[in-house]
Amino acid sequence: MIIHQLSVFLENKSGRLTEVLETLGSENIRITALSVADTSEFGILRMIVSDPVRAKEVLKSRSFTVNLTEVISIMAPSEAKYYAKVLKILSDLDNSIEYTYAFSLGEKSVIILRCSNTEEAIRALKEHELELIKASDLYKL
Amino acid sequence: MEIWNRHFECMDREELKGVQSERLRETVERVYFNVPYYRNKMQEAGLGPESIQTTDDLHKLPFTTKQDLRDNYPFGLFAVPMSEIVRVHASSGTTGKSTVVGYTRNDIATWSEVMARTLTCAGANRHDFIHVAYGYGLFTGGLGLHYGGEKIGASVIPVSGGNTFRQVQLLVDFGSTMLACTPSYALFIAEALEEAHIRRDDLKLRVGVFGAEPWTENMRREIEEKLRIKAIDIYGLSEVIGPGVASECLVQEGLHISEDHFYPEIIDPVTLEVLPEGKTGELVFTTITKEGLPLIRYRTRDLTRLRYDKCRCGRTMVRMEKCLGRSDDMLIIRGVNLFPSQVESVLLEMSEIKPHYLLIVDRVNNLDTLELKVEVDEEFFQDKISQLEGLRQKIQTNLESTLGLGIKVNLVEPRTLERSEGKAKRVIDKRKF
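Protein chains in written order, with our numbering: chain A, 1 to 141; chain U, 1 to 433.
Quick list of simulated restraints, FRET-style, between CB atoms:
hint: 1; chain 1: A; residue 1: LYS140; chain 2: U; residue 2: ARG415; range: 27 to 37 angstroms
hint: 2; chain 1: A; residue 1: PRO77; chain 2: U; residue 2: SER386; range: 25 to 35 angstroms
hint: 3; chain 1: U; residue 1: GLU150; chain 2: A; residue 2: LYS60; range: 50 to 60 angstroms
hint: 4; chain 1: A; residue 1: GLU57; chain 2: U; residue 2: GLU253; range: 40 to 50 angstroms
hint: 5; chain 1: U; residue 1: VAL336; chain 2: A; residue 2: THR39; range: 26 to 36 angstroms
hint: 6; chain 1: U; residue 1: ARG199; chain 2: A; residue 2: THR39; range: 41 to 51 angstroms
hint: 7; chain 1: U; residue 1: THR397; chain 2: A; residue 2: SER35; range: 25 to 35 angstroms
Covered stretches of chain U (chain A as the covering partner; in silico rule of three or more C-beta atoms under 8 angstroms from a C-beta of chain A):
hint: 8; region: 371 to 383
hint: 9; region: 404 to 414
List time: in silico EDC-like cross-link candidates among lysine to aspartate or glutamate, alpha-carbon distance up to 16 angstroms:
hint: 10; chain 1: U; residue 1: LYS384; chain 2: A; residue 2: GLU98
hint: 11; chain 1: U; residue 1: LYS373; chain 2: A; residue 2: GLU11
hint: 12; chain 1: U; residue 1: LYS373; chain 2: U; residue 2: GLU389
hint: 13; chain 1: U; residue 1: LYS41; chain 2: U; residue 2: ASP71
hint: 14; chain 1: A; residue 1: LYS13; chain 2: U; residue 2: GLU413
hint: 15; chain 1: A; residue 1: LYS85; chain 2: A; residue 2: GLU127
hint: 16; chain 1: A; residue 1: LYS60; chain 2: U; residue 2: ASP377
hint: 17; chain 1: A; residue 1: LYS60; chain 2: U; residue 2: GLU375
hint: 18; chain 1: U; residue 1: LYS384; chain 2: A; residue 2: ASP38
hint: 19; chain 1: U; residue 1: LYS384; chain 2: A; residue 2: GLU11
hint: 20; chain 1: U; residue 1: LYS430; chain 2: U; residue 2: GLU371
hint: 21; chain 1: U; residue 1: LYS279; chain 2: U; residue 2: ASP268
hint: 22; chain 1: A; residue 1: LYS60; chain 2: U; residue 2: GLU378
hint: 23; chain 1: U; residue 1: LYS425; chain 2: U; residue 2: GLU371
hint: 24; chain 1: A; residue 1: LYS88; chain 2: A; residue 2: GLU120
hint: 25; chain 1: U; residue 1: LYS384; chain 2: A; residue 2: GLU70
hint: 26; chain 1: U; residue 1: LYS373; chain 2: A; residue 2: GLU41
hint: 27; chain 1: U; residue 1: LYS310; chain 2: U; residue 2: GLU253
hint: 28; chain 1: U; residue 1: LYS432; chain 2: U; residue 2: ASP368
hint: 29; chain 1: U; residue 1: LYS354; chain 2: U; residue 2: GLU413
hint: 30; chain 1: A; residue 1: LYS56; chain 2: U; residue 2: GLU379
hint: 31; chain 1: A; residue 1: LYS134; chain 2: A; residue 2: GLU70
hint: 32; chain 1: A; residue 1: LYS60; chain 2: U; residue 2: GLU379
hint: 33; chain 1: U; residue 1: LYS279; chain 2: U; residue 2: ASP302
hint: 34; chain 1: A; residue 1: LYS60; chain 2: U; residue 2: GLU413
hint: 35; chain 1: U; residue 1: LYS408; chain 2: A; residue 2: GLU41
hint: 36; chain 1: A; residue 1: LYS13; chain 2: U; residue 2: GLU375
hint: 37; chain 1: A; residue 1: LYS88; chain 2: A; residue 2: GLU127
hint: 38; chain 1: U; residue 1: LYS384; chain 2: A; residue 2: GLU41
hint: 39; chain 1: A; residue 1: LYS81; chain 2: A; residue 2: GLU107
hint: 40; chain 1: A; residue 1: LYS56; chain 2: U; residue 2: GLU378
Read the hints as simulated data drawn from the structure, not as lab findings. Cβ coordinates follow ideal geometry from the N, Cα and C atoms, glycine included.
Modelling step: build the complete structure from the supplied sequences, incorporating the hints.
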């Protein structure tokens with residue numbers, strides 16, 4: 001149930017994001033989801049990709065600072081109340097959410113979550129009968 | 001704590017000043033009459049031997065630099081006939097012609113005396129086995145330690161450098177208690193011990209005296225942890241005498257200078273003015289007992305500061321701080337002296353980063369600006385903005401408190417900063433004067 005998200009450190013310099021995407025493209029690595037967190041000087045690019053281990057190696061060989069981060073992923077109806085429910089479960093446990101992003105597949109949406117205690121979050125979300133996505137399924141989306 | 005020469009090392013500072021002034025007068029007289037180079041320089045400045053009565057007059061005398069030694073290569077600044085010289089050493093000369101130094105029989109005795117103080121300072125005595133892994137030869141390290149060790153009656157093992165495998169074997173077999181070498185070689189030996197699967201209990205080492213190259217507090221901790229010894233910093237340079245000029249005591253709050261032999265001053269490397277106590281600047285030495293090669297106000301290029309308060313060990317000899325860097329690299333930012341090595345030492349103290357950095361100095365609206373680019377370490381990178389921003393802020397705060405200057409810190413991707421062969425480019429000064 002643990003998803004390995006690819007995180008890349010980026011300076012705010014034009015062309016760096018393009019370089020990452022071109023590198024992954026040339027290796028036929030697919031991107032399921034992507035989000036950028038940024039400050040005025042640098043940013044962190046976060047991606048769910050089809051082959052995170054290989055993607056990390058490829059980017060490392062091109063001198064990027066890369067890390068694999070454990071996140072979880074939930075499939076839920078595309079309605080705000082379901083997103084709220086997920087977040088409420090975690091905040092009731094004092095399991096703080098470091099960041100989250102989501103994308104819609106129409107009727108349903110995929111929520112990506114990074115929280116302070118991943119194992120606990122998985123247990124709790126399962127108990128509330130939420131649908132967690134397996135890594136292999138998410139990479140294929 | 002043992003003190004080798006309580007009479008001088010714990011002397012009342014007023015009394016010491018008298019001793020220093022008397023020795024200075026003799027030295028100035030000697031160089032005036034025996035070294036044409038110094039006589040000419042003094043005459044040009046309108047000075048005679050009588051112009052220097054106490055150490056307060058020292059500032060009137062001109063400086064001596066490494067270039068002066070080179071210009072007078074090899075023996076031009078010697079103050080005695082060669083028949084009086086019993087030993088010659090020379091520096092490696094990587095940055096030009098080598099500098100040659102000569103010793104009379106008395107100079108060798110002085111050197112042994114100050115080295116005996118150094119070793120006693122580090123807690124050694126006649127019961128110690130001293131493993132000397134400094135090079136023996138033209139370099140002053142090996143023989144300097146050797147004579148000092150014999151003087152205190154310790155058992156000296158003159159291993160010299162190289163053949164690390166054998167060094168490790170001897171450390172075990174002879175049960176050496178003190179290690180003397182460069183700090184980087186100490187780490188090398190520590191690794192070799194690990195590789196040879198030698199248990200720490202098989203060693204009797206308890207202390208090491210390390211010098212001859214700059215090293216950080218981080219390196220000290222690493223040596224102390226890996227070898228489980230106390231690591232003592234020692235300082236010296238062949239021009240002044242060799243090792244033995246200054247040494248840390250077991251209190252480890254600065255290095256005691258044997259100032260009854262070597263009179264220290266701190267100067268501003270740009271204006272050449274003598275700086276007051278506590279200010280950081282270039283260390284300058286006047287040798288006040290040497291016969292073979294007396295040096296007047298010799299500019300070491302090493303940066304440090306002095307403190308004159310009495311040490312907890314009981315010694316009254318002035319203490320110098322661990323050297324901060326070389327004056328050749330100094331920048332002046334908004335009137336404040338800044339050395340890239342200061343930046344480096346702050347970065348080295350932080351485990352989250354490696355010291356790959358670039359300082360960029362510029363002038364915007366007549367105001368100097370300082371920017372530091374530092375590479376994010378892969379091992380530290382964990383995908384949180386708050387963590388990176390926290391790190392950036394921490395570097396900035398640590399630097400500002402150490403440098404006393406505002407600085408803008410930016411994190412950059414690893415390996416984006418130029419790596420050059422040998423010396424890395426650490427500073428870009430865009431200001432136009």
